[in-house]
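Given chain A, put chains B and C in place with the hints provided.
Sequence order for the protein chains is A, B and C. For the first sequence, position 323 matches number 936 in the working numbering, and the numbering has no gaps at all. For the second sequence, position 371 matches number 1046 in the working numbering, and the numbering has no gaps at all. For the third sequence, position 117 matches number 202 in the working numbering, and the numbering has no gaps at all.
The hints are simulated quantities; they were obtained by calculation from the structure and are not laboratory data. Quick caveat, the model's predicted, so the values are computed rather than measured. For glycine and all other residues, C-beta sits at the position ideal for the given N, C-alpha and C. Do not rely on the hints blindly, as some may be mistaken.
Claimed, not checked - Cβ-Cβ distance ranges computed for the label pairs, FRET-style:
1) A:Pro-651 x B:Pro-868: 34 to 44 Å
2) C:Pro-161 x B:Ala-1022: 44 to 54 Å
3) A:Pro-651 x B:Gln-768: 32 to 42 Å
4) C:Arg-289 x A:Asp-746: 21 to 31 Å
5) C:Arg-289 x B:Cys-997: 54 to 64 Å
To be verified - Which stretches of chain B does chain A cover? Using the computed rule of at least three CB atoms under 8 Å from a CB of chain A, they are:
6) 843-849
7) 853-862
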Amino acid sequence: MSADVQLENIGVQFGEFVAVREASVTITGGEFFSFLGPSGCGKTTLLRTISGFQLPSTGRVLIDGQDMAGIGPNHRPTALIFQNLALFPLMTVWENISFALEVKGVGRTERRRRADELLEMVALPGQADKMVDELSGGQKQRVAVARALCAEPEVLLLDEPLSSLDLKLRQHMRTELRVIQQRAGITFIYITHDQGEALTMSDRVAVMRQGVIDQVADSTTVYDQPETAFVASFVGENNAFSGSVAEVSSESVLVETTLGIFSCRTSGSSSLSKGDAAIVFVRPESLFFVDDVGARNRLDATLVNQEFEGHFWHLLLKARDGHPMRMSVINDGRSSRQQTGSDVTVGFETNGAVALPSGELAAD
Amino acid sequence: MRSETILRLSIGFYILLFFGYLFGPLVIMSITAFNSSNFPAVSPWDCLSGEWFGVLVNDDKLMTGLRNSLFIGAGVVIVAVPMGLAGALLLTQLSRRARSVMYMVTISPILVPGVVLGISTLIFWERIDRVLLGTDFFYDGFFLTIIGQATFISAYTMLIFVARLQRFDPLLEEAALDLGASNMQAFRKILLPFLKPAVGSAAVLAFLASFENYNTTVFTIVSESTLTTILASKVRYGINPSISSLAVIIIGLTLFFAVVYELLRRRERSDKEKRLAETAKTNSMTRRHRPMMVPATALVLVAFVAMMGTSWVARGYSTSECKLRVAQEKHKRSEALSQQRISEARAQRAEEQAAKAESPALQANTEGRQYQNIFTPSNLAGQVDSVSSDSNGSSTEAAVDANKAGREYQNIFAPSNLSGQVDSKESSD
Amino acid sequence: MSVWFQNFFKRNGIGLSLFLLIAVFVWVVLMIVLPQLLMLDFSFRFNWHHMNPSKMGGPDDVYTLTHYKFLVYGSPNNPDPFNIVDVTVFFRTILAAIFVTMFDLALCYPIAYYLAQVAKGARARFLVVALIVPFWVNEILRAFAFRILFGEEGSLNSLLLAIGLLDEPVDFIRENVALYAGLGYAYVLLMIFPIYNAVESLDRNQIEAARDLGAGWFRIHRRIVMPFAKPGITSGCTMVFMLTAGALALPQIIGGPSSLWFTQIIYQWFNTGSNWPRGSAYAIVLLISCVVLLLFLMRLFKVRIGEIGR
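Same shape as in the complex, but just chain A:
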């Protein structure tokens, strides 16, 4: 059983401080939806508003079409997985998991049975009688998920659950969670500041900045077609060149910058007119050395540093005006290596660059 979640113009204010401003989004039932943004952008507040621990100053939360105003967290069809998991330290694993049933007065044998079932589903068989502090980080994660699932919610809310795990475990859990979600078939609302997580796990992503939702789209769209400068700079790595629009055509936009006039495509619904302040965004993987092939846009730079990351090289360049640039080259053994410190010319195609109205960039 999964439900739609609708946020209608949600605003949350603490005294003078506005945590969330006019957030509106519709999340479809059964979807894996993420709120992505840096710390302090309001995503936790939004989550707590959906789960009922926070009252919105304005707007409504509707779950399955029903207004949640006045309904407390213990009566909403939601279950929340806290950032620090909040597992009950004085109970065993199976008691933790079946707590939602204990609250309803279900008998002990039935609760135990259900807990064992859920442990199977989260791939933790046989751990039922352990105490919580005897488990590893990843195991605790799964217990938290199982506990929430036992409440049979229509919407599962996850508050940065993987942030305390090490890299390998995080990557493993990403897949696990996705699998569990598809198996359970319920709506997952996930918040994180790690865009890699958001992109790999979600059906759709909402990028948030200082209490405002900048863009809602699926992973590829958010990556390839950012709608604001913030989204372009926050999601993935991006080189940004400021300038002003010189010419607009149906297929491309010409932007004049200090490093040259670049031909870029536009993105999404943003409309640029001549003379607007704009930023040209070029992904590191869209840059290539011009010695090998020709390019629509080119600029000169000095190769400052090269870092080997395994399956690609991460290059740090400096343009004529000192502007730092990032470039990534696949390690296929083919492309010739440049000397660190040498002058190079790099280029990119129109399709490899996006021009967006000038705006706030993500902090480095």
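Chains B and C in isolation, oriented as in the chain A frame:
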């Protein structure tokens, strides 16, 4: 390096001295419990005897006091633990301003002198009786004492709960709510189990604090008694080693519980470590708890040796024989001494009669004090309150009269006498 | 205000809310505030309570300062300009309490420091237990132990006589040595633990850094440890001072005839004196003086009241 060793030595010496100061009086008192002399003393040592334990048990007043103390202690636990818990819980739900005000108000009974608490409790409930009810319902030693003690003991329990609550993750309650629990369920299933260990220690603390309380109790106990008030009143009637035997019992119990508690805690620790070691599947370094084993085994050994030694000595030893012997010696000594004193006193009195006339008060005081000072060993035989002839045959009338006269002026506790207390030759009103 | 109540009841459910409110109300109002206020009120009334109960509540039951006056001036027949005895006793009690507090501080600070920073692991725990055990023994029994020790026939005298330091037994009790030794001993625990708690949370590295920079141990304590432990020290001193000034059992048991304690006078007004209002007045004076002194002390050392607490 040498100065550091000196420093270490002096610190060690200081600590030794300190703990000597702490334990010394208790050790000495314990030893006096086994001395058959009538007054608790280590020397002169009369006979090894366990008779004072018997006297203790047969002391009805003391036993009643003990019973009352236990009853009141239980009552205080029943009142103070829930009150402290309520206070601690309420504190967490108040705004910052209200919280600090409430905190100050509830902590104040700890700082206020116990006598003030006792007095205010007494006056308050007596007034309620008189004004509202017109009966003696609340004017009862037990009720007043429980209430009076609970006033400040609840503050102690509250502090314990506050400390425990500070370690509670509030998200746990939220998680419970999120999973569908009502507020009451979250309280019962999540918060209370977490507080349980605190309840235990709060109850123990409340009981002990109540059991040993005197300042407040002495006002609120009215016509009843507790162990502490009985003990304190003994100072007026003279003390005997049965008090020391009480101390021995209490010290023994305390040590016993201290050891038990430590052993229990030790076992819980090693249990937990074992469990964690299994899960981690690594070679955990189970610290061998040797350091504490040494003093503990030493204690046991000492106790064992002491028991063996005592039973061996006791076999060739009879308390009654020894007492007879000692009594005879004492008798001889006191005879010689009192003869000496009588002749001295006669000479002195002749001197005094020759001097200027003194105020009767002064004379009576000085004479009476001679016989009143129970701290003078020779007077233990001379302490007389009634006319009788002692084994010497001499009449003790003079002593009795002097006593009576002196006491009139000596009782500084009678308010009218505060101005009448004379110690020197000034003329009074 | 009513909003708060609504939220409160909603948050805790009816049963729990009622329990919390009633329990705290009974405690704070019926047991703490009202009795104190009543005692204050009582201290300003004539002693009809004992002398003529029928007059209570009647027209003669007016406010009066007679008891407070008595404390200062004595009875109307008093030839002296002041109530020398009571006033002397009062000041002696306060002064003695101050000295005992300072003595305890000097005595306990090294121990607390040692426990908190120097002693390790099992030995520290053992010492802590060793510290607590004597205090589980009844205060009264401990007082008696001192009496046995310090009496004219007591062990201390026997020891000193045996060694040859004394020719005649000294009545320590009369000389008040016993009382002060006993008072110094009685509240040691309450001085040690707050200081111990405060010093324990001090980062040991700070001390090492200071030593590394060449500071001697005296300077280390004065400039680093003590300022850090100030709340603990103040807390300990507060408790010891209040308890010493308000001590009753110890003076009664091991006090000599010339070391009357103010609390004993209060007790007598209630007991043989049968003058409850006067006793209340004296008690109020004791209470107020202690509080005033304490506030002054806290202001002097710049410590807030919220920092006092275990």
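Hint by hint, here is what the structure shows:
1. The hinted window of 34 to 44 Å between A:Pro-651 and B:Pro-868 holds, with their beta carbons roughly 38 Å apart.
2. One distance hint, 44 to 54 Å for the beta-carbon pair C:Pro-161 and B:Ala-1022, holds here, with the actual separation near 45 Å.
3. For the hinted restraint 32 to 42 Å between A:Pro-651 and B:Gln-768, the CB-CB distance of approximately 33 Å keeps it satisfied.
4. Hint check: C:Arg-289 to A:Asp-746, Cβ distance near 28 Å, so the stated range 21 to 31 Å holds.
5. For the pair C:Arg-289 and B:Cys-997, the supplied restraint of 54 to 64 Å holds, since their beta-carbon distance comes to about 58 Å.
6. Note: the stretch 843-849 of chain B has 4 residues with beta-carbon separation from chain A under 8 Å; the three-residue rule is met and the coverage holds.
7. Interface restraint, the stretch 853-862 of chain B with chain A: holds (6 residues with C-beta to C-beta distance below 8 Å; minimum three).
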